[in-house]
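Peer 1: The lines below spell out each chain.
Number of protein chains: 2
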Amino acid sequence: MKIAPPDPGLLSLNTATVRERWNLREMIEGCARHGIRGISPWRDKLAGLGAKEAAKLIRDNGLTVTGLCRGGMFPAADRKGRQSALDDNLRAIEDAAILGARCLVLVVGGLPAGSKDLAGAREMVRDGTGETLERARSAGVALAIEPLHPMYCADRACVNTLAQALDLCDELDSGASGDLGVAVDVYHVWWDPQLQQGIGRAGDKRLLAFHICDWLVPTTDLLNDRGMMGDGVIDLPRIRSWMTAAGYRGFHEVEIFSARNWWKRDPDDVLGVIQRRHQECC
Amino acid sequence: MKIAPPDPGLLSLNTATVRERWNLREMIEGCARHGIRGISPWRDKLAGLGAKEAAKLIRDNGLTVTGLCRGGMFPAADRKGRQSALDDNLRAIEDAAILGARCLVLVVGGLPAGSKDLAGAREMVRDGTGETLERARSAGVALAIEPLHPMYCADRACVNTLAQALDLCDELDSGASGDLGVAVDVYHVWWDPQLQQGIGRAGDKRLLAFHICDWLVPTTDLLNDRGMMGDGVIDLPRIRSWMTAAGYRGFHEVEIFSARNWWKRDPDDVLGVIQRRHQECC
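So the protein sequences, as listed, match chains A and B. Per our numbering, the first sequence starts with residue 1, numbered consecutively. Per our numbering, the second sequence starts with residue 283, numbered consecutively.
These are calculated hints, taken from the structure and not from any lab test. Don't take every hint at face value.
[Said to hold, decoys possible] With a cut-off of at most 27 angstroms between alpha-carbon atoms, the simulated DSSO-like pairs for lysine-lysine come out as follows:
no.	chain 1	residue 1	chain 2	residue 2
1	A	K80	A	K116
2	B	K362	B	K398
3	B	K398	A	K2
4	B	K284	A	K116
[Said to hold, decoys possible] Here are a few chain B residues that face chain A, going by a calculated C-beta distance under 10 angstroms:
no.	residue
5	D399
6	C440
7	D449
8	D474
9	W497
10	T501
11	G514
Beta carbons are placed, not taken as given, at the ideal position from N, Cα and C, and that holds for glycine.
This is chain A alone, in the form it adopts within the complex (with noise of 0.2 angstroms):
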């Protein structure tokens, strides 16, 4: 299958992969510089400069926030411990909005701290992200609910297929009214046998994020170990045609969490690099 490359326009820099060399404002005026029009902030870098003067300075870039990383971790040993987790959600809908974000990105969170029972955290997150949703809509965010990679179901979070989470955007919003639904991360998702079918069940009013990386093989470590587009084994042009098969227009967000590799490298080249394999590779 051949496809053609895709529309530069489309490029967006999540946070997380120049993490460990550029602060925020670095890192907008980075896309700036290269060209990147989009861009999706982790809220440890938010923190660094504040979200009014992070929009600020975003909007004077002329850049579009495709996300803000990220809201979840609904799970708790306690009621005090969901509470808690509920007003963290809260603070981060009222970046998500002070940003412009195109969405809130939920990890949804894994078992609480000595459980075993993975059905009664996935209830705790199917309440939490229902509290959340109310508070998201009168804010005007909207959440995507990020299935994460089954092997970090124990610690990171508990929905592990896009098949999932699309049951818990049924039960939270049966109208798909575009208040909810999923950020669909090739990385976490490449392996699914249903994936192609859950991407067109999701549809365009679901389809609220789509995040590019590779899975490298080996692959040496669990949560820092992801590859640059085209260094490892998922068919992205092949995704990505599924993604706007069903409808969805939107950025293509990478986000490469990589402490052997291109954390260590200068941003500027990694944004590069960046460029082209976007336009070779996905």
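Place chain B on chain A using the hints.
Peer 2: This is chain B only, laid out in the frame that chain A set:
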């Protein structure tokens, strides 16, 4: 949910658990000495003793061979590679027949080197499993497809959920003859929101093996950091109750790849821990 401890007579040792310190003879004699009634050899260990000699020793010690690990690895870049894989599966079937193994476990293989064609690899798996099934039937050996954790999709097995494995069974053995089924390894499937449903769908005809260990938090290595039952987050009694409800009456086979811990210990101590944890945590 309080569940009664399992029958200690259903414990089985997968040889991977003590592979660094014992040869197959020592494993067989170790099981007999500890009163463990089942054993599941890997072929590397079998090669050291020979299938006939191993079969005699196992029989003389009154053990049941709960599985032979492993066949599979079907996808290959060319016809010659695929034929070579089939030939290897035929040898595995012969060994499984000599051992009287309850099943030959299939780790189906991942992407051929250099390939990103996951759908194509899955077709090779279907075709290879189908061809192998013909020969296994003649030899009276049941084949157990083992869905592997999605983190092994690229390099070990592109069958990654129980539902996917059962779809293959439906396609290749629609009558549920008992000749083709699945090996349910908790390490690979514990995260799956459709697990209970999949076990029920499989039923006793297709539930050919049950492998146990635990998922550690954190997990520090993708391959060799599995936990002893009770040391991780998997709700083993619950999953066992689903197996039982579906009609499974077979062994509970302990398969622990653990370079940093259990492989370093005295295998006699490891077997003692396994027996206790089987009673206390499974």
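Peer 1: Next, verify each hint and record whether it holds.
Peer 2: For each hint, the structure was consulted:
At roughly 20 angstroms between alpha-carbon atoms, K80/A and K116/A fall within 27 angstroms of each other, so this suggested pair holds. At most 27 angstroms may separate the alpha-carbon atoms for a hinted pair to count; K362/B and K398/B meet this at roughly 20 angstroms. Distance hint between K398/B and K2/A is fulfilled; the C-alpha atoms sit about 14 angstroms from each other, no more than 27 angstroms. The straight-line distance between the Cα atoms of K284/B and K116/A is roughly 14 angstroms, inside the 27 angstroms bound, and the hint therefore holds.
Checking D399/B against chain A by beta carbon gives a least distance of about 7 angstroms; that is within 10 angstroms, so the hint holds. At about 8 angstroms, the closest approach between the beta carbon of C440/B and any beta carbon in chain A falls short of 10 angstroms, and the interface hint on this residue holds. Hint on D449/B holds. Least Cβ distance to chain A is approximately 8 angstroms, under the 10 angstroms limit. Interface hint at D474/B: satisfied, since its Cβ lies 7 angstroms from the closest Cβ of chain A, which is below the 10 angstroms cut-off.
The beta carbon of W497/B is positioned within 10 angstroms of a beta carbon in chain A (closest approach about 6 angstroms), and the interface hint is therefore held. With 10 angstroms as the threshold, the beta carbon of T501/B comes within range of chain A, its nearest partner Cβ sitting at about 6 angstroms, so the hint holds. Against a cut-off of 10 angstroms between C-beta atoms, the interface hint on G514/B holds, since the closest Cβ of chain A lies about 8 angstroms away.
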